[in-house]
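When you get a sec, could you build the whole thing from the sequences and use the hints?
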Amino acid sequence: MALHFERAEFASRLTRLTDQMRAEKLDAVLLFAQESMYWLTGYDTFGYCFFQALIVKADGTMSLITRSADLRQAKHTSILDDIHVWVDRVNADPTLDLRNLLVDMDLLGARIGVEYDTHGMTGRIAHLLDAQLSTFGQITDASYLVSRLRLVKSPAEVAYVERAAALADDALDEAIKLTKPGADEADILAAMQGAVFSGGGDYPANEYIIGSGADALLCRYKAGRRKLDASDQLTLEWAGTYAHYHAAMMRTIVIGEPTHRHRELYNACLENLQAIETVLKPGRTFGDVFDMHAKIMDERGLARHRLNACGYSLGARFAPSWMEHQMFHVGNPQPIEPNMSLFVHMIIADSDTGTAMTLGQTYLTTEHAPRTLSRHSLDFIGA
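Quick note: the sequence shown uses UniProt numbering, first residue 1, plus one each step.
Hints are computed from structural coordinates only; laboratory data are not their basis. Since the model is a prediction, treat every value here as computed from it, not as a measurement. Honestly, I wouldn't trust all of these hints.
[As the list claims (entries may be wrong)] The calculated label-pair distances, taken between Cβ atoms and stated as ranges, are:
hint	residue 1	residue 2	range
1	Arg371	Lys295	22 to 28 Å
2	Glu24	Asn91	34 to 40 Å
3	Gly224	Asn339	38 to 44 Å
4	Glu299	Arg220	25 to 31 Å
5	Gly200	Gly283	33 to 39 Å
6	Asp229	Arg375	28 to 34 Å
7	Arg304	Ala8	50 to 56 Å
8	Ala230	Thr278	38 to 44 Å
9	Arg111	Leu3	30 to 36 Å
10	Asn91	Ala8	42 to 48 Å
11	His127	Ser351	37 to 43 Å
Glycine is no exception: its CB is placed at the ideal position from the N, C-alpha and C atoms.
Spelled out as structure tokens, the structure:
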């Protein structure tokens, strides 16, 4: 059995969930997010690209329904004992198999929460599921029930986040070594990802972002590599990943002599990140973090060049994204609590001058000031 946590840890998580279910008067929840299944049971797969669901009753009973390809995966990687297989066939409707399983679990007429807002729940599955359960019981949206519980990390989780952060630092070391005029983005990307793998880490939940020249203004991965010019800019966003736990970082490296605009935007990023550290603590909210970000950027005349969010919670995530639901955007009332792992990023894309500048790192919140998880400074990086 390939478990990354002690059984007592899984038991504690299940207790937290069932306590919250009782508080919300839920008899059961249907979990479709792979992150939820991993957090509760250790179940580790990319099989969520097909239909599967974890049923959790308020009494702590858990049952998984999945495909035959994931039967052994679930047995080997999780604490689950009750695993059911739906059969691949023409015109298969696995939501009918799920409904029958709910009947067997004495949940007819129950109040059931459903995890709708996840990559493991396609629109088609939602339609089929709603049709099957429309007269079955009282169905309610419980998309963020487990997601909120996962925000605060246990000591064992913090250890994995710290390991992921060390791997992210190793990746930056490799990038700095290779970044110079004439360097190929492909070599830089390979070295960064290789550092994580060599350190015992995992695939990240989404691609690393790498772009130079005009592509440095992008904050999403795109296909195609280029070689660095004598005067250039290289934006990198990546994450160290360990046991699926992520610690992200972001930097823009300037090749050759930095322009005045590069320096100006870097100073704005640094000032902003340092100011955010003063509000990234208990007693404040995710919305407060964004407000600080927007205030400083806008005072510097950068409103058109900034984004509408400046970071998010991180944890154990699966493809297609390492971003959690909880983000730093305007009005987000989510309280900041100790032992949250939070990625704060400054992204400035000045399309008027073609200048990019970014700065970001992952923090662990405490009772007071946040603790940066990177050993790297926030100094300007040139090559």
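Hint check results:
1. Arg371 with Lys295: 22 to 28 Å: Distance hint for Arg371, Lys295 holds at roughly 24 Å.
2. Glu24 with Asn91: 34 to 40 Å: Given about 36 Å between the Cβ atoms, the range holds.
3. Gly224 with Asn339: 38 to 44 Å: Hint holds: Cβ distance 40 Å, inside 38 to 44 Å.
4. Glu299 with Arg220: 25 to 31 Å: Since Glu299 and Arg220 have Cβ atoms about 28 Å apart, the given range 25 to 31 Å holds.
5. Gly200 with Gly283: 33 to 39 Å: Taking Cβ atoms as reference, Gly200 and Gly283 lie about 37 Å apart, which means the hint holds.
6. Asp229 with Arg375: 28 to 34 Å: holds (30 Å)
7. Arg304 with Ala8: 50 to 56 Å: holds (52 Å)
8. Ala230 with Thr278: 38 to 44 Å: Given about 39 Å between the Cβ atoms, the range holds.
9. Arg111 with Leu3: 30 to 36 Å: holds (31 Å)
10. Asn91 with Ala8: 42 to 48 Å: Since the Cβ atoms of Asn91 and Ala8 sit about 44 Å apart, the hinted range of 42 to 48 Å holds.
11. His127 with Ser351: 37 to 43 Å: holds (40 Å)
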